[in-house]
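Undergrad: Chains as they are written, first to last, in the working numbering: chain G, 293 to 648; chain X, 293 to 648.
To be clear, the hints were calculated from the coordinates, so they are not data collected in a lab. Among the clues, some could well be false.
Identical copies look the same in the list; a pair holds intra-copy or inter-copy alike.
[Unchecked claim] Here are the computed lysine-lysine pairs in the DSSO-like style, where the Cα-Cα straight-line distance is at most 30 Å:
no. : residue 1 : residue 2
1   : Lys548    : Lys600
2   : Lys644    : Lys575
3   : Lys575    : Lys633
4   : Lys548    : Lys634
Just so it is clear, the structure is predicted and the values come from calculations on it, not from any experiment.
Number of protein chains: 2
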Amino acid sequence: MKKTALIMAGGRGERFWPESRMDMPKQFLSLTGDGRTMIQLTVERIKSLVDIEDIYIATNESYMELVKRQLPGLPEENILCEPVGRNTAPCIGLGAEHIARKYGDALMLVLPSDHLIKYNAIFCQTLEDACAVAEQGGNLVTLGITPDNPDTGYGYIKFNPEQIVGRAYAVERFVEKPDLETAKGYLASHEYLWNSGMFIWKTSSILENLRAFLPDMYEGLERIRAAIGTPEQQAALEREFRGFKSVSIDYGVMEKAKDIYCLAGNFGWDDVGSWLAVGRIRKTNEFGNVVNGNVVTIDTKNSIIQGKDKLIAAVGLRDIVIVDTDDAILICEKDSAGDIKKVLENLRICNKYQYL
Amino acid sequence: MKKTALIMAGGRGERFWPESRMDMPKQFLSLTGDGRTMIQLTVERIKSLVDIEDIYIATNESYMELVKRQLPGLPEENILCEPVGRNTAPCIGLGAEHIARKYGDALMLVLPSDHLIKYNAIFCQTLEDACAVAEQGGNLVTLGITPDNPDTGYGYIKFNPEQIVGRAYAVERFVEKPDLETAKGYLASHEYLWNSGMFIWKTSSILENLRAFLPDMYEGLERIRAAIGTPEQQAALEREFRGFKSVSIDYGVMEKAKDIYCLAGNFGWDDVGSWLAVGRIRKTNEFGNVVNGNVVTIDTKNSIIQGKDKLIAAVGLRDIVIVDTDDAILICEKDSAGDIKKVLENLRICNKYQYL
Numbered sequence: 293m294k295k296t297a298l299i300m301a302g303g304r305g306e307r308f309w310p311e312s313r314m315d316m317p318k319q320f321l322s323l324t325g326d327g328r329t330m331i332q333l334t335v336e337r338i339k340s341l342v343d344i345e346d347i348y349i350a351t352n353e354s355y356m357e358l359v360k361r362q363l364p365g366l367p368e369e370n371i372l373c374e375p376v377g378r379n380t381a382p383c384i385g386l387g388a389e390h391i392a393r394k395y396g397d398a399l400m401l402v403l404p405s406d407h408l409i410k411y412n413a414i415f416c417q418t419l420e421d422a423c424a425v426a427e428q429g430g431n432l433v434t435l436g437i438t439p440d441n442p443d444t445g446y447g448y449i450k451f452n453p454e455q456i457v458g459r460a461y462a463v464e465r466f467v468e469k470p471d472l473e474t475a476k477g478y479l480a481s482h483e484y485l486w487n488s489g490m491f492i493w494k495t496s497s498i499l500e501n502l503r504a505f506l507p508d509m510y511e512g513l514e515r516i517r518a519a520i521g522t523p524e525q526q527a528a529l530e531r532e533f534r535g536f537k538s539v540s541i542d543y544g545v546m547e548k549a550k551d552i553y554c555l556a557g558n559f560g561w562d563d564v565g566s567w568l569a570v571g572r573i574r575k576t577n578e579f580g581n582v583v584n585g586n587v588v589t590i591d592t593k594n595s596i597i598q599g600k601d602k603l604i605a606a607v608g609l610r611d612i613v614i615v616d617t618d619d620a621i622l623i624c625e626k627d628s629a630g631d632i633k634k635v636l637e638n639l640r641i642c643n644k645y646q647y648l
Numbered sequence: 293m294k295k296t297a298l299i300m301a302g303g304r305g306e307r308f309w310p311e312s313r314m315d316m317p318k319q320f321l322s323l324t325g326d327g328r329t330m331i332q333l334t335v336e337r338i339k340s341l342v343d344i345e346d347i348y349i350a351t352n353e354s355y356m357e358l359v360k361r362q363l364p365g366l367p368e369e370n371i372l373c374e375p376v377g378r379n380t381a382p383c384i385g386l387g388a389e390h391i392a393r394k395y396g397d398a399l400m401l402v403l404p405s406d407h408l409i410k411y412n413a414i415f416c417q418t419l420e421d422a423c424a425v426a427e428q429g430g431n432l433v434t435l436g437i438t439p440d441n442p443d444t445g446y447g448y449i450k451f452n453p454e455q456i457v458g459r460a461y462a463v464e465r466f467v468e469k470p471d472l473e474t475a476k477g478y479l480a481s482h483e484y485l486w487n488s489g490m491f492i493w494k495t496s497s498i499l500e501n502l503r504a505f506l507p508d509m510y511e512g513l514e515r516i517r518a519a520i521g522t523p524e525q526q527a528a529l530e531r532e533f534r535g536f537k538s539v540s541i542d543y544g545v546m547e548k549a550k551d552i553y554c555l556a557g558n559f560g561w562d563d564v565g566s567w568l569a570v571g572r573i574r575k576t577n578e579f580g581n582v583v584n585g586n587v588v589t590i591d592t593k594n595s596i597i598q599g600k601d602k603l604i605a606a607v608g609l610r611d612i613v614i615v616d617t618d619d620a621i622l623i624c625e626k627d628s629a630g631d632i633k634k635v636l637e638n639l640r641i642c643n644k645y646q647y648l
């Protein structure tokens, strides 16, 4: 069956401020140090499975040019612009309608544009296995990540180790971000995976489920589909999207649907959720520092220092993130990386939009 | 007796890098936030005691223009340029010769250009009291600072509380920077003061002592004096200075001389020895931060943040010094402020002289 992909690239990626900005979010940045951006790596990663012509990018108007520039081989009509952000359910529905209209029923890989995967071959093999399961009946397949610590920052997937289809386990339920004690229990049970937000299904399967669980949205998506290729296309898209509720695919479909399966991924996944990820991804020196640019460090350890034009001198620091850009510099204690969003709130309150 | 002053302004002040540079050392910076530089404040502070025409500045060629610009009321001939730095003994000797040549025997206040004093009236009264003691015989008078903690970063002065002249105590001995245990003993004894490097004496007294303890240097200084106002002046200065040994006035004279007295100063002295001083001198906000410029702080305490043009966002920091300048930014843990000199060593090794 035809394999296609929908890569979701509408996020703002505030947690990589000041490198990421409203007009340059995380998926368009190169955070690995090899020069390629997150979205370029995402497309590159699946090239053995999906032709570039069969890859769709869901984003919004303001990132249209960035997508074109960073993915010059992609057909322009494969860039789907959401008029407004309405979370993942409408985004995925829009992609499914476009793909179904072009190819009829087809396999559809739904992938975030801003995750990193270390072992591409294992990843692609896992996707192949997932496709095999998704081709059967109306199965919805998701990739779970085998947890290596009781992280409270992810949703978890409870699977049933007794109920197997191909290489996938049946999913019993999705659970929201747990507290630490609960997460420790999940880890010990070996029956929970992290919810990675990567899905594999047929267009027919997901559209059928949208019809069942989000019927109003489904109706709107069908009207959008009917207008594709007509003079009405843009107006229909605008009108219907503005009418959609903001719903995630997890809440809107996955938590309610039947025939959900998951594959346990062990392919070196990293959701690159904050600057701390750079310390995991990039090569650290003998002091545990990741250093880039014109930097002098004295007695500084386990820190991430990303220089720009200015000389940065770091003295006596431990676990500090320093990111310099043309107009702003961040100095952040690693454990406080989650508070970067408060900087942005503060800037908004002070009308300093030029830094957002 | 005529009161004159010699203000020593040849230091490089590396500990305020990157704000201070080779071509802009600490004494020419405004660190108090009131706009006036350290050397301007030093001159201002003694204006009730010494006329501007009677103030001499010892510095070196590279800071000549800075002195002229920052002290426009000062006669140009009062700026004494040391051809090479040879520590304080030759510097003070040169000042004494110039002052003695112009005024004959005169009182001479020897003051650093880069200290801060909070209570000017008390300071000036202390200087008056010191002058009264210095006018008697060949007395050499120094100002000691009443210690409020067992600081190991200062030399100490042991005085004899039984032996008093005017408001001064006789000095028993000068001691080098002690270890912490010794310093604690000094503090508890109430018979030790910090050596502030401020001296009051007659030109005749100091020259007599230079003749006694540094006879070669004294001879050279006399030859310089003989050449003042002749076409030979600059050549003599160059020749003699290059021949001088590098000797501090403490080691060369004070530790050997008789008739040394000290006054205990309680005038809010601060030698502004590092960026930490800025936290003492400037107003801190309710989080203990000293913040200047375009700065956003989130959960940041007891830190010193000096911004420039860029936005600085500080998140989750404790006891961090951040100083931004046009071409370099320092991020330094407070306890490591002493290691800033290692940054400069590093820059020298890497031939990055533009940052020095």
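Undergrad: All hints are to be evaluated individually against the structure, with a verdict given for each.
TA: Checked hints:
Taking the shortest Cα distances, Lys548 and Lys600 never come within 30 Å of each other, neither inside one copy (48 Å) nor across copies (54 Å). With identical chains, the CA atoms of Lys644 and Lys575 are at most 30 Å apart between copies only, with a shortest distance of 25 Å across copies and 35 Å within one. Proximity of Lys575 and Lys633 under a CA criterion of 30 Å is satisfied in both settings, with 26 Å inside one chain copy and 28 Å between copies. Taking identical chains as interchangeable, the C-alpha atoms of Lys548 and Lys634 are never at most 30 Å apart, the minima being 34 Å within one chain and 62 Å between chains.
The structure shown violates the earlier hints numbered 1, 4.
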